[in-house]
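As you go down the protein sequences, you meet chains A and B in turn. Here the first sequence stands for residues 16 to 130, numbered as in the working numbering. Here the second sequence stands for residues -17 to 93, numbered as in the working numbering.
Keep in mind that the hints were calculated from the coordinates and are not lab data. Model, not experiment: these values are computed from the prediction. Any given hint might turn out to be false.
Looking from chain A toward chain B, a few residues come up when the C-beta cut is under 10 Å (computed) [claimed, not checked]:
id: 1; residue: Asn23
id: 2; residue: His24
id: 3; residue: Leu28
id: 4; residue: Ser33
id: 5; residue: Asn39
id: 6; residue: Ser41
id: 7; residue: Tyr42
id: 8; residue: Asn47
id: 9; residue: Lys64
id: 10; residue: Ala107
id: 11; residue: Leu118
id: 12; residue: Trp120
Lysine-lysine pairs mimicking DSS-like chemistry, simulated, CA-CA at most 25 Å apart [stated by the list, open to error]:
id: 13; chain 1: B; residue 1: Lys39; chain 2: A; residue 2: Lys117
id: 14; chain 1: A; residue 1: Lys86; chain 2: A; residue 2: Lys73
id: 15; chain 1: B; residue 1: Lys(-4); chain 2: A; residue 2: Lys117
Beta carbons: idealized from backbone N, C-alpha and C, even for Gly.
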Amino acid sequence: AQSVSQHNHHVILSEAASLELGCNYSYGGTVNLFWYVQYPGQHLQLLLKYFSGDPLVKGIKGFEAEFIKSKFSFNLRKPSVQWSDTAEYFCAVNAQAGNNRKLIWGLGTSLAVNP
Amino acid sequence: NAGVTQTPKFQVLKTGQSMTLQCAQDMNHNSMYWYRQDPGMGLRLIYYSASEGTTDKGEVPNGYNVSRLNKREFSLRLESAAPSQTSVYFCASSGQGYGYTFGSGTRLTVV
């Protein structure tokens, strides 16, 4: 069965620090990959997605992620975090198989940025 | 703005009461989903509807029922609420682009 693993459950950073959140998935075929963000008290919003092409994808608010197929990874990065980046971050994977639209979700990483 | 609309935003139920959570999307998406979110457990899929007229169980369907009323609407019903169903419920939809659009959530407390 497909699964998504987010290695860091809780991350605490100071403003201006660099961020990298790990995401690994288990599926041998072609996948679509997503990162979502959930700000406190809000719903999930799409940060960025990868379907094909350049494995380095850029999203909103200065976030980027790199797809490394050989490592089954899709890590999220930001060079310099801000207090407003405090949120929960979810990685999700969808196998490109038929008409399947279901996403498999990681458990999330809670990021706290101290001012 | 186009998107997913969920009602109500907050609800308190007594054990054994029933209620229906409503969800509607105006993006012409085929697929719709109901999730519950609990601390430390991420998002868990309750039910989904791949297209109008079909519904399927997700990871945690027990105690819930759904209805895909038409392409726009997908409701979630709790027939006899239990304290274990205290959670935040999110509806989502997806179309050709595979990514999901989420509603703003329903915070349900069962006492």
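Structure-based check of all given hints:
no.	hint	result
1	Asn23	violated, 14 Å
2	His24	holds, 8 Å
3	Leu28	violated, 21 Å
4	Ser33	violated, 25 Å
5	Asn39	violated, 15 Å
6	Ser41	violated, 16 Å
7	Tyr42	violated, 14 Å
8	Asn47	holds, 5 Å
9	Lys64	holds, 6 Å
10	Ala107	holds, 8 Å
11	Leu118	holds, 6 Å
12	Trp120	holds, 5 Å
13	B:Lys39 - A:Lys117	holds, 12 Å
14	A:Lys86 - A:Lys73	holds, 20 Å
15	B:Lys(-4) - A:Lys117	violated, 33 Å
The structure does not agree with the numbered hints 1, 3, 4, 5, 6, 7, 15 stated previously, though it agrees with the rest.
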